[in-house]
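K.L.:
Chain by chain, the residues:
There are 2 protein chains.
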Amino acid sequence: MERIKRNGRMSAMVRVLMASPNRIFTLNHFCAMFDAAKSTISEDIELLRNVLAQFGLGEIETVTGAAGGVRYLPGIAPLETLETVRGACNRLRDTTRVLPGGYLYVADIFGDPEILDTFGTVMAGQFFAKEPDFVLTVETRGIAFAMATARALGVPLAIARQGQKVYEGPQMTIQYVSGSTGELQTMSLARRTVRDRRRVLIIDDFMRAGGTVRGMMDLMHEFSIEVVGAGVMIRKASEVRLPVDVLALMVMEDISGDKGAFLRPAEWLEQAASS
Amino acid sequence: MERIKRNGRMSAMVRVLMASPNRIFTLNHFCAMFDAAKSTISEDIELLRNVLAQFGLGEIETVTGAAGGVRYLPGIAPLETLETVRGACNRLRDTTRVLPGGYLYVADIFGDPEILDTFGTVMAGQFFAKEPDFVLTVETRGIAFAMATARALGVPLAIARQGQKVYEGPQMTIQYVSGSTGELQTMSLARRTVRDRRRVLIIDDFMRAGGTVRGMMDLMHEFSIEVVGAGVMIRKASEVRLPVDVLALMVMEDISGDKGAFLRPAEWLEQAASS
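Protein chains in written order, with my numbering: chain A, 1 to 275; chain B, 1 to 275.
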């Protein structure tokens, strides 16, 4: 193999680190990959750290100790984040999105990979320090957003099912009142899915009265798993009291058939962008 | 802003291109980002193309014409792909995964972001040339895999729902026979979701008798959308005749309570790795 130059090493390293967010790579891993000395790789990483910081493209963290190395914590510049969230709010304002019964059509936003990646990365950025070892959501609409968040955190995703599914083995089932229908529903999670898991981040698409998030919290309580946080893509502006703070990206102030839905970026995103 | 060096430019470019697979960036975009001349950026890209190719980390394609520029087509080296797929096959062989009724427990594999990213990237790699403008799946288990595929293709994901959901507006509903239960079921898709869409890639988690894939094809037929291909994570070894080839990553040869499930990587992955 041709000996590779610094710019080549650094480019390939970004690709490798980005493909596995929050995973620790030893310096030896890169020494072997590029047939280079440890001091050379250290310098590469230092340069990489600076360039990513300069463009607000995430952080390279050095982890010391026996299992030490470097890991990539994905990030997006606060101004760019705010712009993306504002763009989504504007798209959602279209009056034709309001459906009979006061529902909002959001499937296109929730299925757009660039929006999901941005949103998932931003949400994950608020929870690296809490060290969740998995993300939980309940089917169906929140799955893609929860997956994007789990991906950025480098942890697995568990999906609670509505009703009981025979092909997932022994499962715990709880009842909850869904805010969107006001009806009593059930959600189930296979015991096996959370074996050896201790700390969960709860993710959902939309929070109205908080019933679904509360249901997921109850489910985690039954498994003795600690809820380190909760996040949703959109919450209604009304006050909801839950035993955990729920971080939203967008706040829905109002919805009506005439004027459409009025959404705005959450305060913490505005604050981050202005500081 | 401090003038940035080649290694910095190249590293930041990888980060930007990777975050938006298959999206065209003009050279001017990077000229502005780095305050650099077009000839300099061209050289950067040429070097980047070579280093990514050298490590089998995907391709940078130049698109000519008025809307021209460069785009990143994610890829994974065939040997590494085969290794990841073999690893998943081995994990699935554990006898405790076989549940009553001959179901296989797969939720952990289907929720692992690194496996999903690899699998989604590999699947996408087979369909860039077919230029689908969206990916379709049906809830629930295939969503994360479909999302990973859509992400690598740089196109949106549409999710057909089982039963009818009031909050998605006017929808088309078809009946199909699910291979896993043998029962008649319905799937629905909001008309709005496929507005202006013409070419679809169908993705699902598991193919037994092909009923679900056929159902998605019927649904697309009703919307006059062309099915450019179909892919599943796992298919049973038995012969299934469908009007479209279904590309699988893993083939399930056998499943029994005593011996567990025997899965192997699909032939085309073996061939790609040995050539």
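Among the clues, some could well be false.
Which copy is meant is left open, so a pair is good if it fits within one copy or across any two.
For lysine-lysine, the following DSS-like pairs were computed, each having C-alpha atoms within a straight-line distance of at most 25 Å [to be verified]: (1) K130 - K165; (2) K38 - K259; (3) K165 - K236; (4) K5 - K236; (5) K165 - K5; (6) K236 - K38; (7) K38 - K130; (8) K130 - K5; (9) K259 - K236; (10) K5 - K38; (11) K38 - K165; (12) K130 - K259; (13) K259 - K5.
Bear in mind the hints are in silico, worked out from the structure with no lab data behind them. Just so it is clear, the structure is predicted and the values come from calculations on it, not from any experiment.
K.L.:
A separate judgement is required for each hint: does it hold in the structure or not?
P.N.:
The hints, checked one at a time:
Neither within a single protomer nor between protomers do K130 and K165 lie at most 25 Å apart by alpha-carbon distance, with minima of 31 Å and 35 Å respectively. In this assembly of identical chains, K38 and K259 lie within 25 Å of each other by CA distance neither inside one copy nor across copies; the values are 61 Å within and 46 Å between. For the identical chains of this complex, K165 and K236 are inter-copy neighbours only, at 20 Å across copies versus 31 Å inside a copy, given an alpha-carbon limit of 25 Å. Neither within a single protomer nor between protomers do K5 and K236 lie at most 25 Å apart by alpha-carbon distance, with minima of 52 Å and 46 Å respectively.
Proximity of K165 and K5 under a CA criterion of 25 Å is satisfied in neither setting, with 53 Å inside one chain copy and 55 Å between copies. Taking the closest pair of Cα atoms, K236 and K38 never come within 25 Å of each other, the shortest separation being 52 Å inside a single copy and 47 Å across copies. In this assembly of identical chains, K38 and K130 lie within 25 Å of each other by CA distance neither inside one copy nor across copies; the values are 31 Å within and 44 Å between. In this assembly of identical chains, the alpha carbons of K130 and K5 never lie at most 25 Å apart, being 38 Å within a copy and 36 Å across copies at closest.
With identical chains, the CA atoms of K259 and K236 are at most 25 Å apart within one copy only, with a shortest distance of 17 Å there and 51 Å across copies. Taking identical chains as interchangeable, the C-alpha atoms of K5 and K38 lie at most 25 Å apart whether they share a chain (15 Å) or sit on different chains (22 Å). For the homomeric pair K38 and K165, neither the shortest alpha-carbon distance inside one copy (51 Å) nor that between copies (57 Å) is at most 25 Å. For the homomeric pair K130 and K259, neither the shortest alpha-carbon distance inside one copy (40 Å) nor that between copies (40 Å) is at most 25 Å.
In this assembly of identical chains, K259 and K5 lie within 25 Å of each other by CA distance neither inside one copy nor across copies; the values are 58 Å within and 50 Å between.
Going through the hint list in order, the structure does not satisfy hints 1, 2, 4, 5, 6, 7, 8, 11, 12 and 13.
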